[in-house]
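Enquirer: Now for the letters of each chain:
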Amino acid sequence: MCKITEELQQIAAELLKEGKVDLVLGYTKGEQEEQSVPCIVTQPEDASKLIFDEYSEKALSKYLLEESFQDKKVAIVLKGCDQRAFKLMQDESRLGREDVYLIGVECPGMKWGEDLSPFCLHCDYRTPAKEDVDSLLTGADIPEAMQGEPLDHEDSFTDINRLEKMSKEERFEFWKRQLNRCKRCYTCRNACPVCTCRVCVFDRENPDYIDRAKDQMAQHQFYHVIRAFHVSDRCVSCGECARVCPEGIPLHLLNQKLLRELDKFYGEYQAGIDEVPTPLSHANADEPDFFGKEGKA
Amino acid sequence: MKIGVFICWCGSNIKNMVDVERVAEATGKMPHVVYTQDVQYLCSEVGQSDIGNAIDEHQLDRVVIGACSPRMHETTFQQLMNRKGLNPYYVEIANIREHCSWVHTDKAKATVKAIDLVKKAVAKSYYAVPLHAESLPVNKRALVIGGGIAGIQAALDIADAGYPVDLLEKESSIGGKMAQFDKTFPTLDCSACILTPKMVEAATHENITLHTYSELEDVSGYVGNFHVTIRKRATSVDEERCTGCGECVTKCPAKVDNEFDQGHSKRKAIYTLFAQAVPNKPVLDRKNCIYFKTGKCGVCKKICPTDAINYEMEDQLIENDYGAIIVATGFELNEPTHLGEYHYGHHPDVITSLELERMLNASGPTQGKMYRPSNGKEPKRIVFIQCAGSRDRHDGNSYCSKVCCLYTAKHTILLNEKFPDTESYVFYIDVRTAGKNYEEFYERARQMGANYLRGHVSKVEPLGDSDNRLLVRGYDGSLGEQTEIEADLVVLATSIEPQQGAKKLAGMLGISSDRNGFYSEAHAKLKPVETQTQGVYLAGVCQGPKDIPEAVSQASGTAAKAIVLFNRGQVKGVPTTAMVDEELCSGCMQCKPVCPYEAISQEMITERAHGKARQRPVASINRALCQGCGACAGLCRSGAMDIGGFTGRQLLAEVDTL
Amino acid sequence: MRIPQKTAASHQREELADIIRKDVRDCYQCMKCSSGCPFAEEMDYMPHQMMWLTNLGLYEKILNSKSLWICASCLACSSRCPRDIEPAKVMEGFRAMILRERGRTNVSPVIPKGVPRQAVIANMRKFRR
Amino acid sequence: MMQDTFEPKIIAFCCNWCSYAGADLAGTGRLKYPENIRIIRVPCSSRVDSALVLRAFQNGADGVMIAGCHPGDCHYDTGNYHTRKRMMLLKSLMEFMGLDEERLLVKWISGNEADRFKDTVESFTSKLKKMGASGKVRDLRCAK
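Chains as they are written, first to last, in this note's numbering: chain A, 1 to 297; chain B, 1 to 658; chain C, 1 to 129; chain D, 1 to 144.
In case anyone wonders, no lab produced these hints; they're calculated from the structure. Wrong hints could be hidden among the right ones.
[Unchecked claim] Under the rule of at most 25 Å between Cα atoms (straight-line distance), these lysine-lysine pairs were calculated in the BS3-like manner:
1) D:Lys-130 / A:Lys-168
2) B:Lys-380 / C:Lys-32
3) D:Lys-136 / A:Lys-168
4) B:Lys-232 / B:Lys-504
5) B:Lys-255 / B:Lys-369
[Said to hold, decoys possible] Covered stretches of chain B, going by a simulated chain C footprint (3 or more residues, C-beta under 8 Å):
6) 448-456
7) 480-493
[As the list claims (entries may be wrong)] With the C-beta cut set under 8 Å, the calculated list includes, among others, these residues of chain D facing chain A:
8) Phe-6
9) Pro-71
10) Arg-84
11) Asn-112
Even for Gly, the Cβ is constructed at its ideal location relative to N, Cα and C.
Just chain A, with the same shape it has in the complex (with noise of 0.2 Å):
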């Protein structure tokens, strides 16, 4: 058993058992090895029940908006990842940071299949601050891949790149061949920690964004350029979106593509890092014009 488990273990059953909490969110095991399942332990003696290993990608903040949540004391198991998710809630009021007792553990980089996610290896944030967490737990085994400074926007999404080098008519023909196999499950949505609101657009029937689109490839644009708009200043690099894809959309692409396009134009903002306001929620004059004499328009 590595040491932040145990350590977590540990903490989780001395909360509990100080009445500190009343439930720790957490993972577990789950029925294939190489998978980790969100677990909820409510009495100390479960709490061995509890893991962290390079499985446990989901992000749990998101949980804390339920309604089986609400008026209770937690604890919560958070990567560097998913603490910048849970600061952005914190920052857009969507929970207090008073009743939720932090547990940042430090992350040795995600699984994608048999890869490291590419968010991971872009990543510097692996591990929650200090002063913004209740307990911290580190010595977590750093792959190899990982030791290292962590890679460039531009090595790490290769994707984007190669995809930026193809023709228009490829690149159309590309997100055709994927969009195509879109069945619009919203696992996508469910996953990401930051599609907060509470009611989503596309559950509204009026004005009905989907229904009017009959034609699948349209709507599958729509509902992704939307949803990419929706994350991109916002987003915190951890990848769900595209790791719960049943169909294997690239659709972190799209949002990634927006995230360099800010950065280039408008300086780094790391959500959930930078203080808010996020880049979109501001403007002025001294930003490029891209639609004056000599823009590209």
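Given the coordinates of chain A, assemble chains B, C and D onto it according to the supplied hints.
Expert: Showing chains B, C and D alone in chain A's frame:
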């Protein structure tokens, strides 16, 4: 829902290019349209009564007009709706004249387009919501921030109109920079002689309350209803008891550099800012007070005949409500030490214009005598360097400080008058004399002997002679050669800059600053004293460099704006404001920084869910402030934010019909 | 050039003022005199510079300049001066000062090629003894 | 030839204070431009969100134009700064997805630039005529 569609011929203006009957016929087939008519002139009385009669006869609740631009006659039709007891936002106008009949040449195509445009308007009207303008009462009391000449003028004007004014000043006396000046251009009026009566008038005016030695702590609210907290710093002198006899000042043993004289004299730790200070009661500068530094001394307390000294006095927080705020915070002068080539700060005989101003002032540190700080002798040859830090992108401010040309001309004139055997040399880039009688004033300066050399000085250095004089290296554009002058005194026309705290204040007031840090007016030409925040007005140099008459007229302008607001007694917002669907809003407040009017704030609502009452945050619109731009609605992810008259549903309906 | 500590003595300034009856202080260096002067190219100090040296009190430079003698007294400058200073008159004033102080004229007469007759005659006037 | 008969459909969102007024002025000045454009009045260009633009394309618009005040002239001070930021992102995402980002035109047209309005409509229309019908985002079942 019963919709009536009216198509205007506009005489031949529309009819010649659009088949109006066909338009009426085509739109008449749309759902909910119960009546259509084409009319020769809809805006005429006949046309208006046609619409009115149709409303009565067919019980129409919505009206769609196909006519000229809504920018032309929207209000005409809205008023008609009002008269008919319908909400004015139940009328929708399709622009088939400016956007159709006038710009096209093919009647068939133009008719198709006109049908589209009217259909679009009908579709939009399906989702029309009734709108009302919010009006709120105005608190008829003004706050003027800054007690310089602009602030004083604004306060006096408002007070004379019969409204109470609070005048806030951070120093211990009102008067501002003008109190430091000797004479004013172009008339050479003595600055104190024209300022002091105004100061006294402000202090004694029944409608003006002075808050000196005070700063703005916090502002909330909006036009007509600002809630302001003022921090009155502890003066350690009980205002009620103090008679201003000055005994404490005389006896105080602590001497420090006098900022008012730019360090060319000393003042005591307990002091009045200057002789004619208003209010003329001393304040204790705790940083330099021996009692506060060591716990020993207490001379002032012992000597005070009325026992007015109170070492335990604390800062006071004063809270007040105002309807309008006038910002007249003025400026600072740049300390030109960073311009190494001028040797300022390294040689005592390189001084700034304000230092010279104090020297020339009869009530200044030298009682109007000129002297060289290095040896106390009278300077014979004085070199003025213009644009020292202004119009300098490299190491200063890129803008023009505007007043230096004239005050330097004034200095040369004053020097020539008082000390006829001094020589003045002025190095300049341009001389700008835009202003009434300014050119004549500049001419007079040249006439009287000032030598104007066109060229910037590149270096001032000590000459190294026994007199410790300076060598000024410049260029004379007229002769076209490098020119050196041995000078006894070098005077730098330093750059005017916004106050250090300008940005913080802007944040508190919700107003914006330009790239140079001066406050931005709402419109460069037509709203020069307003800001983007309604009810906050700008007077004086805080908005940009300007001279006294300009600052005073701007101040009176702000006063007029405040008085208009107070006379009207209420603020009426626009009806087409943002609206929040609280059911959808999660209170993420991404919309808040987008709003240019600070009209969005967070509010807690109570909601019953699962049998429990729970508080949760939502965005809330102040409809008096919101101007209805919709930038927030364009950003809102959940669609909780919408704009009346241009709701997401309405715009979608328009898009969908096309 | 370093501006000397001692510039023209007041008696010199008075003498000039006496001759020309104009206030050179009025000059604001618009340079119209130089832009219209037919001989500006030949001069060491152009008319506007002469005006400027006058203002600065650098009379020595003026009195030693070639320009005084190249000036053809065509009066183009005078007729166009927006300040009514009449630079030609100022030039004449300095020439007069020199001529009054006999022996001062160490400048040789220069008659550039293609000079109009009027100028030659003007020169004659200047160099008369 | 297709190009000769094809009439593109253009939806334009014009801000009330500048571009809509510019279009009005084009009318008052009797300038002539093609009939393909349908103008939707919005209070400010920043009111337009990407959903509206996409919806227009889905509905068969061959081109969408968003016109606002010149930067610095916005009636609401900062609205068009938001517009240019949001629309730049939308255009680059469209390009990234292989969609014709040229079909989305963002233009600053002031209230007195009637000629600019006319020129913009003319050149945009002729460009779209050359490009042909937009099919990539179009919802075929929506098309009338």
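Enquirer: Now tell me, hint by hint, if it's right for this structure.
Expert: Hints and how they fare:
{"no.": "1", "hint": "D:Lys-130 / A:Lys-168", "result": "17 Å, holds"}
{"no.": "2", "hint": "B:Lys-380 / C:Lys-32", "result": "33 Å, violated"}
{"no.": "3", "hint": "D:Lys-136 / A:Lys-168", "result": "12 Å, holds"}
{"no.": "4", "hint": "B:Lys-232 / B:Lys-504", "result": "18 Å, holds"}
{"no.": "5", "hint": "B:Lys-255 / B:Lys-369", "result": "22 Å, holds"}
{"no.": "6", "hint": "448-456", "result": "holds (count 5)"}
{"no.": "7", "hint": "480-493", "result": "holds (count 7)"}
{"no.": "8", "hint": "Phe-6", "result": "20 Å, violated"}
{"no.": "9", "hint": "Pro-71", "result": "5 Å, holds"}
{"no.": "10", "hint": "Arg-84", "result": "6 Å, holds"}
{"no.": "11", "hint": "Asn-112", "result": "17 Å, violated"}
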